[in-house]
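> All chains should be built: construct the whole structure from the sequences, respecting the hints.
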Amino acid sequence: MIELDKVAHSYGGGDLLTDVSLRLAPGSFHFLTGPSGAGKSTLLKLCYGELLPSAGQVRLFGRDVRQMTRDDVARSRQRIGVVHQDCQFLDHLSLAENVSLPLTVSGREAEAGDDNLSELLNWVGLSRQADALPPQLSGGERQRAALARAVIMGPDVILADEPTGNVDWEMSLRLMQLLVELNRMGKTILIATHDLNLIRAAKAQVAARVLRIKDRRLHLAGANL
Amino acid sequence: MSALGKTVLALVIGDVQADRVVPPTGFTVQLTVFTSAAMAFLAVFALALSMASGRLADRWADALARTATVRISAPQGQMQAQTDAVMAILWTTPGVADPRVLSAEEQRALLEPWFGPDLPVDRLPLPQLIELTETEDGFDAEGLRLRLAAEAPGAVLDDHSRWRRPLVRAADRLRLLGLVSIGLIALATAAMITLSANAALSANAQVIKVLRLVGARDVYIARAFVRRFSGRALLGAAVGTALGMVAVALLPGADPAGGFLTGLGFHGAGWIVPLLIPPLAAFVAFWATRIAAFRMLQEIT
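Same order as they appear, the protein sequences are chains A and B. Using my numbering, the letters of the first sequence correspond one by one to residues 1 to 225. Using my numbering, the letters of the second sequence correspond one by one to residues 1001 to 1301.
Hint data in this document are derived by calculation from the structure and do not stem from the laboratory. A few of these clues could be false.
[What the hints assert, rightly or not] Chain A stretches covered by chain B per the calculated footprint, using a threshold of three residues with CB under 8 Å from any CB of chain B:
{"no.": "1", "segment": "67–73"}
{"no.": "2", "segment": "90–102"}
[To be verified] Residues from chain A shown here face chain B by an in silico Cβ test under 8 Å; the list is partial:
{"no.": "3", "residue": "Gly49"}
{"no.": "4", "residue": "Gln78"}
{"no.": "5", "residue": "Val82"}
{"no.": "6", "residue": "Arg149"}
All C-beta atoms, glycine included, are put in the ideal place defined by N, C-alpha and C.
What follows is the structure, encoded as structure tokens:
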């Protein structure tokens, strides 16, 4: 689905990532870990076409991102759900409208049937906040709303960048539970986090592989954390 | 044409959803509407000016080009003989049609505006005027002057070109200036819309980023802004055009003698022309915003 082949990325001076190869197979569950500033967010951005590699090749659904037009990138993002640490919403629209925004912008709002939307909001536990504006929500509620928005298009892949960064432990577990459920439904999941406890908790429920960025390279971490 | 039709249709019906995703903006909306109205108001006057001077140039060029006058100044006794001689020459000159001796009443009517109605014309040593029209081919003015000088020394040919040509040229130039003004107004409108669209795009950079993140294509994002600005330009220009047309209609009526300033305005079907200003403003706004939006979107992945 998403393949990185000997990818490097540099911000002006020097490489942040070098010789990174990664293949996200359908239905796989990966954690991406490493110290702050190691390039976890950069790697995720390479995976949804926000950044272009300075060397190597990134393929989204079999197509080289360098060959893709802006519209191609937009269409592939409709198949990739992204959850940011600082989830970005349109503050003038209600939570329900924000969650269904991906359907709206792709001209598929007809599919946003009220039943589907309320079922989804129910799943993330935000039914009662459907009409609230994003600034009125708590950190945990915003993260769950971002997750709901990321999955409403029925994406093949879900990329989450520190999804539990701003929420307490209980809420972290709840979010992880939702991501595990999505993986059981066949979605490919990649979560960037520095929270090893969270990884341990998740490994009890799902066969997750852990990737670690160290010295600008990507390593497959051992079974013991 | 069908693409334009669809654009207009899309502007009228609109994509309410695309509109909703961009937060409403307050004060700048009114500025855009106001500027667009002011520009349309000015455009109506530039249009009225260029159409009026166009009519004037055409009228002078057409009506006066085909006429000329022979003026005979002779002592009382010789007047009739010279007039007959001139008429004989005119009848036999190729290119001259319908020479006509103006009657005393007609000459008095011509002088009335200057000397009043009670002028004793018959007691004044007035020259005799002969009016003639040119045929399509025209006549040789120099040749005619020579013949007149030989046969009737008191006769002078005036083919009006001496004062007509600079007037026609001035009227033509005025029409050109009017058209240049309309062009400048259109460009200024485009510049103004581009500036305010850029301001709106910058103010909404975060919104645009979110939209790109959730998979919106450029054309979807651009449409939300394009619709908004085209609508404002259309509304403003409609109001400005309406006010401008009312102002032109309320100008003092045209003087039958064809005065220039009082002739400023639209005539008959000419009233349809200013109605093109609002759709034109919307068209300019459409492209200005679209180009600004796409240029800005290039900077966001």
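> Holds or violated: the hint that Gln78 of chain A contacts chain B, with Cβ atoms closer than 8 Å.
Holds: closest Cβ of chain B sits about 4 Å from Gln78 of chain A, inside 8 Å.
> Tell me if the interface restraint on Val82 of chain A is satisfied: Cβ within less than 8 Å of some Cβ in chain B.
6 Å, holds
> Grab the minimum C-beta distance from Gly49 of chain A to chain B and call the hint holds if it beats 8 Å, violated otherwise.
7 Å, holds
> Verify the coverage statement for the segment 90–102 of chain A against chain B, using a C-beta to C-beta distance below 8 Å and requiring 3 or more qualifying residues.
Result for this restraint: holds, n = 7.
> Does Arg149 of chain A pass the interface hint, meaning its C-beta sits closer than 8 Å to a C-beta of chain B?
7 Å, holds
> Examine the segment 67–73 of chain A: at least three residues should have C-beta closer than 8 Å to a C-beta of chain B.
It holds: at least three residues are needed, and the segment 67–73 of chain A offers 3 whose Cβ sits within less than 8 Å of chain B.
Hint compliance for this structure: no hint is broken.
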